[in-house]
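Trainee: Listed here are the chains, written in short residue letters.
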Amino acid sequence: MKSPSPKLKLQAGLTIGYGQPLASTAEEILLEGGTHFLIARNGRGKTTLLRTLAKTLKQLGGAFEAEGKTQYLPEDLRFDPEITVEGIFKSLLSAARRQAALDLATAVELDVRKAYGKLSTGNRRKTHLIVAEYSVEEDSGNILLLDEPFSGLDAYAREAFEDIWRNSSDKVLRLVSCHPDYDSMGMPSAIMIHGKSIHHTVGTDQTWSELKHQLN
Amino acid sequence: MRLFRLTTATLLRRKSWVICAFAVAVLPFLLQQISSGTENPALLKPAIAQATWAMALLCAIFWGFFTAAKQGESNARSGLGEYFLTTGVSATRQLFEMWLSVFTFLAPLPLIAAAVCIFAASPALPDERSMWMATNLQYAMLYLVVMAPLIALAIAVASRLGIITGFLTSSALAIYGLYGVGYLQLLGNLESNVFLKWLWAYSPHYHFADPTERLRYKLGAIAWDKFPLLLAYFGGILLVYAALSRLIFRARSTA
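Keeping their order, the protein sequence lines are chains A and B. Sequential numbering of the first sequence, starting at -18, is according to the working numbering. Sequential numbering of the second sequence, starting at 1059, is according to the working numbering.
If you're looking for bench data, these hints aren't it; they were derived computationally from the structure. Treat each hint with caution, since some may be false.
Facing chain A, according to a computed beta carbon distance under 7 angstroms, are these residues of chain B, among others [what the hints assert, rightly or not]:
1. R1060
2. A1067
3. L1143
4. V1147
5. T1150
Taking lysine to any residue pairs in the SDA-like style, the calculated list, with each CA pair at most 25 angstroms apart, reads [to be verified]:
6. A:K(-10) - A:H180
7. A:K36 - B:R1218
8. A:K(-12) - B:S1148
9. A:K99 - B:R1304
10. A:K(-10) - A:A81
11. A:K71 - B:K1073
12. A:K36 - A:K99
13. B:K1284 - B:Q1196
14. A:K36 - B:T1150
15. A:K50 - B:S1148
16. A:K71 - B:S1074
17. B:K1073 - B:L1158
18. A:K50 - B:G1220
19. A:K39 - B:R1304
20. A:K50 - B:K1073
21. A:K36 - B:A1149
22. A:K36 - B:L1305
23. B:K1073 - A:P62
24. A:K71 - B:V1147
25. A:K50 - B:R1063
26. A:K39 - B:L1305
27. B:K1073 - A:S101
28. A:K152 - A:A81
29. A:K36 - B:R1151
30. A:K50 - B:S1311
31. A:K36 - B:R1304
32. A:K71 - B:Q1196
33. A:K(-10) - A:E48
The beta carbon of each residue, even a glycine, is placed where N, CA and C say it ideally should be.
If we strip away everything but chain A, and leave its shape as in the complex, we get (with noise of 0.2 angstroms):
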């Protein structure tokens, strides 16, 4: 069913893992379209969240509902390094989208005539995050996973891709996993993981420096 604005409702008693709980949500979460980041230090379950909610991975326990079309975008994804990321553009995204798309790619200095295995890890990235964003149905809500689509991304093509989210937060919900690299970075709307709960926090001043002192 096609919903014009996305929605992932999480509810209390969320419980992920692998055989083992993880971590739970201690209460109802509810995220609509926009960008909210998903924090935690490292082995506490973020992809393990990100997967559960892509469906590939099975909650141990509790329910969770999600409206629009999802996708995941795994942070170890790679495509054959034989083939082009122009190719790779042409093989997934419609005709109507591919310019768009090639344009980004211009934009954040992403050579398309390249092979992808000749990429740099930044570059990689790059490709992976425009496939996602143009592959986004235009006329239904979007849940985009992202684990850690920063990671190796030099600040100029993260603004730009920043820019992207912002105008499309009403038809797009982006969870994006990431451990930022500047403490001013703006996190207006946070999913944590700390200890073995998981917590949603929202504020519009909030940024890193302040929320990576509660995780544990």
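Got chain A sorted already, so can you dock chain B onto it with the hints?
Mentor: For chain B alone, coordinates are given in the frame of chain A:
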């Protein structure tokens, strides 16, 4: 069909399919130069026919199954399978799309082989020529029915156990079915050994789909009233392997 397009673009880009096209369309004409056909011209055409179909079979076994296994492993381990799963492309669909892509590259080979045999190695007598054409077309069909499920099996096994295992499983089955089953019959008296008899009966008899003997000795086409039975036999194997492949296949390698 995004995964089909991505796999097809990847295979085109790798260009190794050119070797197969060369092996089936050109190599038989070079190999005849080192055959006994140079001493006895009557053997030239059979030599071309034998080499052409041998090349088509070798290409399927070494290129087709290896490529299929590589795609199966890569899809599961690169995160692509998981990505496609989350976008609504089920594991069954992923297996089908990758299979279709590899099959698209393999399917022209028996057609090229049949064309080479018909246009370059056809007997001179009109009766023999029509029989020759029928034989080649029958074997082109059998080739496709035999190779199709083995491609799916290579993809599926490799997605779970890696490229080497995927490649070896399909290759071993094909080689066993083409040549091993015959040797099994020669090994001993099948009637007196229940296990060997059972093994022989349940083995895939791919040698029925190998046209080289029939073409070399101009034995003629398979009788048209028996041909559907042969198709049904390989169709049955196709269904079993297709089901097995789906059970084995997984779209991502981690738990």
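Trainee: Each of the hints needs a verdict: does it hold here or not?
Mentor: Hint by hint, here is what the structure shows:
no. : hint               : result
1   : R1060              : holds (5 angstroms)
2   : A1067              : holds (5 angstroms)
3   : L1143              : holds (5 angstroms)
4   : V1147              : violated (11 angstroms)
5   : T1150              : violated (15 angstroms)
6   : A:K(-10) - A:H180  : holds (13 angstroms)
7   : A:K36 - B:R1218    : holds (20 angstroms)
8   : A:K(-12) - B:S1148 : holds (23 angstroms)
9   : A:K99 - B:R1304    : violated (34 angstroms)
10  : A:K(-10) - A:A81   : violated (32 angstroms)
11  : A:K71 - B:K1073    : holds (18 angstroms)
12  : A:K36 - A:K99      : violated (32 angstroms)
13  : B:K1284 - B:Q1196  : holds (11 angstroms)
14  : A:K36 - B:T1150    : holds (16 angstroms)
15  : A:K50 - B:S1148    : holds (14 angstroms)
16  : A:K71 - B:S1074    : holds (21 angstroms)
17  : B:K1073 - B:L1158  : holds (18 angstroms)
18  : A:K50 - B:G1220    : violated (31 angstroms)
19  : A:K39 - B:R1304    : holds (21 angstroms)
20  : A:K50 - B:K1073    : violated (35 angstroms)
21  : A:K36 - B:A1149    : holds (13 angstroms)
22  : A:K36 - B:L1305    : holds (20 angstroms)
23  : B:K1073 - A:P62    : holds (13 angstroms)
24  : A:K71 - B:V1147    : holds (18 angstroms)
25  : A:K50 - B:R1063    : holds (21 angstroms)
26  : A:K39 - B:L1305    : holds (19 angstroms)
27  : B:K1073 - A:S101   : holds (24 angstroms)
28  : A:K152 - A:A81     : holds (18 angstroms)
29  : A:K36 - B:R1151    : holds (17 angstroms)
30  : A:K50 - B:S1311    : holds (24 angstroms)
31  : A:K36 - B:R1304    : holds (20 angstroms)
32  : A:K71 - B:Q1196    : violated (37 angstroms)
33  : A:K(-10) - A:E48   : holds (9 angstroms)
Going through the hint list in order, the structure does not satisfy hints 4, 5, 9, 10, 12, 18, 20, 32.
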